[in-house]
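**Q** The whole structure should be built from the sequences, with the hints applied where relevant.
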Amino acid sequence: GESVGLHLPTLSVQEGDNSIINCAYSNSASDYFIWYKQESGKGPQFIIDIRSNMDKRQGQRVTVLLNKTVKHLSLQIAATQPGDSAVYFCAENISASGGSYIPTFGRGTSLIVHP
Amino acid sequence: ETGVTQSPTHLIKTRGQQVTLRCSSQSGHNTVSWYQQALGQGPQFIFQYYREEENGRGNFPPRFSGLQFPNYSSELNVNALELDDSALYLCASSLGQGSEEQYFGPGTRLTVT
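Residue numbers (the working numbering), protein chains in the order written: chain G, 1 to 115; chain C, 1001 to 1113.
These are calculated hints, taken from the structure and not from any lab test.
Honestly, I wouldn't trust all of these hints.
To be verified - No more than 20 angstroms apart at the CA atoms, straight line, and that leaves these computed lysine to any residue pairs for SDA-like:
{"#": "1", "chain 1": "G", "residue 1": "56", "chain 2": "G", "residue 2": "66"}
{"#": "2", "chain 1": "G", "residue 1": "42", "chain 2": "C", "residue 2": "1011"}
{"#": "3", "chain 1": "G", "residue 1": "42", "chain 2": "C", "residue 2": "1044"}
{"#": "4", "chain 1": "G", "residue 1": "42", "chain 2": "C", "residue 2": "1039"}
{"#": "5", "chain 1": "C", "residue 1": "1013", "chain 2": "C", "residue 2": "1081"}
{"#": "6", "chain 1": "G", "residue 1": "42", "chain 2": "C", "residue 2": "1106"}
{"#": "7", "chain 1": "G", "residue 1": "42", "chain 2": "C", "residue 2": "1101"}
{"#": "8", "chain 1": "G", "residue 1": "42", "chain 2": "C", "residue 2": "1007"}
{"#": "9", "chain 1": "G", "residue 1": "42", "chain 2": "C", "residue 2": "1086"}
{"#": "10", "chain 1": "G", "residue 1": "42", "chain 2": "C", "residue 2": "1009"}
{"#": "11", "chain 1": "G", "residue 1": "42", "chain 2": "C", "residue 2": "1087"}
{"#": "12", "chain 1": "G", "residue 1": "42", "chain 2": "C", "residue 2": "1008"}
{"#": "13", "chain 1": "G", "residue 1": "56", "chain 2": "C", "residue 2": "1011"}
{"#": "14", "chain 1": "G", "residue 1": "42", "chain 2": "C", "residue 2": "1081"}
{"#": "15", "chain 1": "G", "residue 1": "71", "chain 2": "G", "residue 2": "29"}
{"#": "16", "chain 1": "G", "residue 1": "42", "chain 2": "C", "residue 2": "1022"}
{"#": "17", "chain 1": "G", "residue 1": "71", "chain 2": "C", "residue 2": "1010"}
{"#": "18", "chain 1": "G", "residue 1": "42", "chain 2": "C", "residue 2": "1109"}
{"#": "19", "chain 1": "G", "residue 1": "42", "chain 2": "C", "residue 2": "1024"}
{"#": "20", "chain 1": "G", "residue 1": "42", "chain 2": "C", "residue 2": "1010"}
{"#": "21", "chain 1": "G", "residue 1": "68", "chain 2": "G", "residue 2": "42"}
{"#": "22", "chain 1": "G", "residue 1": "71", "chain 2": "G", "residue 2": "55"}
{"#": "23", "chain 1": "G", "residue 1": "56", "chain 2": "G", "residue 2": "42"}
{"#": "24", "chain 1": "G", "residue 1": "56", "chain 2": "C", "residue 2": "1101"}
{"#": "25", "chain 1": "G", "residue 1": "42", "chain 2": "C", "residue 2": "1052"}
{"#": "26", "chain 1": "G", "residue 1": "42", "chain 2": "G", "residue 2": "82"}
{"#": "27", "chain 1": "G", "residue 1": "42", "chain 2": "C", "residue 2": "1038"}
{"#": "28", "chain 1": "G", "residue 1": "42", "chain 2": "C", "residue 2": "1040"}
{"#": "29", "chain 1": "G", "residue 1": "42", "chain 2": "C", "residue 2": "1003"}
{"#": "30", "chain 1": "G", "residue 1": "56", "chain 2": "G", "residue 2": "82"}
{"#": "31", "chain 1": "G", "residue 1": "42", "chain 2": "C", "residue 2": "1026"}
{"#": "32", "chain 1": "G", "residue 1": "42", "chain 2": "C", "residue 2": "1005"}
Small disclaimer: the values here were computed from a predicted structure and weren't measured.
**A** Spelled out as structure tokens, the structure:
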């Protein structure tokens, strides 16, 4: 979830393990959520999204769970690989005028996968 | 790679100066959003441009301004630079103002001394 202080929360796992990254969001009006992966020296990359009318969505090796009651989001990565090492961000989105979305990103969680 | 390019890659400016950062969106995308990412933080939304018009703005002062051109490329201008403006500036393109899937560029690292 969100952290205080200067350092990103870090999750260290062994290759092949399942990883779970958590995120607490702040605005109950948020209706669309996205998980991003950011590797060193690159911009964020879309992983998976979920709308507020769903509580679970699955992709390739990834699953996002949404609990609106406690405003919590999680990203599960199955059979984690060294290439999954990156910083992971959740972003909550609120519908704005004109049909656009205003995203708010969390601080991120650093995932380290040990071979 | 996403097809979104940004220039320059790195930039060093002095406090009080002005800077212009550039972004070329992915082919076919008509919407560009700009973000500021401080070290160890998530990206913060600055503003979005759709078909050359500002279409949403985050909590940034007016000295942060932008433009979008007919070819949908975009500029971010920052006047009167402050030390706290040091960050990675990201642009992201998408198709349509209501399109949620954004494609990010690699960013411009701005250092203000």
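**Q** Does the structure keep residue 42 of chain G and residue 1009 of chain C at a Cα separation of 20 angstroms or less?
**A** OK: residue 42 of chain G and residue 1009 of chain C at ~11 angstroms, within 20 angstroms.
**Q** Can you confirm whether the C-alpha distance between residue 42 of chain G and residue 1052 of chain C stays at or below 20 angstroms?
**A** violated (26 angstroms)
**Q** Given the hint that residue 56 of chain G pairs with residue 1101 of chain C, test it: the Cα-Cα distance must not exceed 20 angstroms.
**A** holds (18 angstroms)
**Q** For a C-alpha distance cap of 20 angstroms, please report whether residue 42 of chain G and residue 1101 of chain C respect it.
**A** holds (17 angstroms)
**Q** If you draw a straight line from the CA of residue 42 of chain G to the CA of residue 1087 of chain C, is it 20 angstroms or shorter?
**A** Distance of about 14 angstroms is within 20 angstroms: holds.
**Q** Holds or violated: residue 42 of chain G with residue 1109 of chain C, Cα cutoff 20 angstroms?
**A** holds (11 angstroms)
**Q** Keeping to a limit of 20 angstroms between CA atoms, is the pair of residue 56 of chain G and residue 42 of chain G held or broken?
**A** Judged against 20 angstroms, a Cα distance of about 28 angstroms means the pair is violated.
**Q** Are residue 42 of chain G and residue 1081 of chain C close enough, with their CA atoms no more than 20 angstroms apart?
**A** violated (24 angstroms)
**Q** Holds or violated: are the alpha carbons of residue 42 of chain G and residue 82 of chain G at most 20 angstroms from each other?
**A** holds (17 angstroms)
**Q** Take the C-alpha atoms of residue 42 of chain G and residue 1003 of chain C, compute the straight-line distance between them, and say whether it is at most 20 angstroms.
**A** Between residue 42 of chain G and residue 1003 of chain C the Cα gap is close to 12 angstroms, so the pair holds against 20 angstroms.
**Q** Is the Cα-Cα distance between residue 56 of chain G and residue 66 of chain G 20 angstroms or less?
**A** holds (6 angstroms)
**Q** With a cut-off of 20 angstroms on the C-alpha distance, tell me whether residue 71 of chain G and residue 55 of chain G pass.
**A** Roughly 11 angstroms between the alpha carbons, so the hint for residue 71 of chain G and residue 55 of chain G holds.
Of the numbered hints given earlier, the model fails hints 13, 14, 17, 21, 23, 25, 30; all others are met.
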